[in-house]
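Asker: From first to last, the protein sequence lines are chains A and B. Residues in the first sequence are numbered consecutively from 1, following my numbering. Residues in the second sequence are numbered consecutively from 245, following my numbering.
These aren't lab readings, by the way, just hints derived from the structure by calculation. Hints may contain errors.
[Said to hold, decoys possible] Partial chain A-side listing against chain B, Cβ under 8 Å, derived:
#, residue
1, I76
2, A85
3, I160
4, L170
5, F172
6, F176
7, I177
8, A178
9, M181
10, V192
11, A197
12, S221
13, G224
Yeah, the Cβ is synthetic: ideal placement off N, Cα and C, and Gly gets one too.
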Amino acid sequence: MQGVTQSRWKSIQSGFIATIIVWPGVAPFGMVYAVSALAAGLSFSETLGMSLIVFAGASQFTAVGLFGAGANPISIIAATAIINARHLLLAASTASYIRQSPGWLRSIVAFQLTDETYAVGVQQFEKTGGDAWFQFGSNLSLYFVWAVSTVIGSLLGALIPDPVGLGLDLIFPLTFIAFLMPMVRDRVNRSVALLAAGISIAVALWLPGSWYVLIAGLVGSAFGAWFAVQSPLTPPEEGSDANH
Amino acid sequence: MNIWWTYIGMAAVTYAARAIPLLIMRNDPPPWLALWLRYVPPAVFTALVVPAIVTTSGIAGRVITFGPAIPAGLIGALVAWRTSNALLTVLCGMVSFWLIRMVMGS
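I would like the entire structure built from these sequences, with the hints used as guidance.
Answerer: Below, the structure written as C-alpha cells:
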C-alpha cells in the first residue's frame, strides 16, 4: 500500500512538473481574463469563481464579453458548449490511454482536461504508457496556475500590459509546435499534420469559435487511420486486423 | 446569484464534453477506432498551431494575416525538429518574433 501511494504521488508530481512548460503561455491570459472580467462588471469572487468552476480559458473570455453585453444565461451556456465541444475529441484521445484506471479517477481527470494538459499527457503516454495520476497532476498544475494568474490579474488590474500587443499569444502555438514536431517523423503523421493544417485554416475562416479544432482533428486523424492501413511502409501493429 | 447558476450551466456543458468519452470508453476500442484515435494528437496539435499563427481574429471574424508570427513559427518548428526542446523552441520563436517585428518597424 505504501508503495502504491508513493508511486501515485510520484506520478502526480511528475505530471505537475511536466506542465510547468505551458505556464508561460497560460499565465498572461489568466491575468488578462481577470482584468477583462472586472472591467465587464464582475466582482472579484465572480471572476475567480468562473476560473475555479468552469476552468476553460477561451470560453471564459467569450463569457466575459457576453456578460458585458448583457447576454442572457442560456446564450452564454450555449456559447460555452460550442467552444468546448472540441474537448470531446481530446477526452476520447486521452481515454484511449487511461481507460483502465478507475471510473472515479477518470471523472476527476475529466473536470480539468484542457488543450494544454491533454498535450502534456499524450507526450508522456506515448513514451511510457497511460497513467491517469500523471494526467491528474498535469491538470492540477494548470488549474493552479490559472487560479493564481486570475488572482494576480485581479490585484494588478490595469497595470498589466496587453499580452497580444507583446506577442505573448504566440507562446501557446510555439509550445504546441514543440509537441508536434517530434511526432511528425514518419509519412503518415506528416500527412495527417498537413491535412489538418489545411482544414483548420479553412474552417477557422469559415466558422466561429473553435470548430476548426474539432473538425480538423476528426478528419485529419481519420485520414491518418486510412492512410496507415493503405501504406505499406508503416504497417500498423494493433490496427492490422482493421485492414479489410 | 444568477451569475453562479450560469457558471454551473457553463461548467456542466464543459464537463459533459470532457467526461463523456472518458467515462464511456471502458473496454478496448474496436481496432478501427483505436487506429483513428492514434492519429488524433498530431491532427489536434496542428489545428491548435496553424490557425493561431496564420490568422487573426478581428471584428469581421478571422482573416489570414501575413505577419511576423509566420517566420517566427517556422523558426520555432525548425528548432523543435532539431532539438525536441520545448523551452528552446518557445524562446527562439519569441525572440525571432520580436526581432522581425522590430525590423519590420511595427
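Asker: Return the numbers of the hints above that this structure violates; sort them in rising order.
Answerer: Of the numbered hints, just 3 does not hold.
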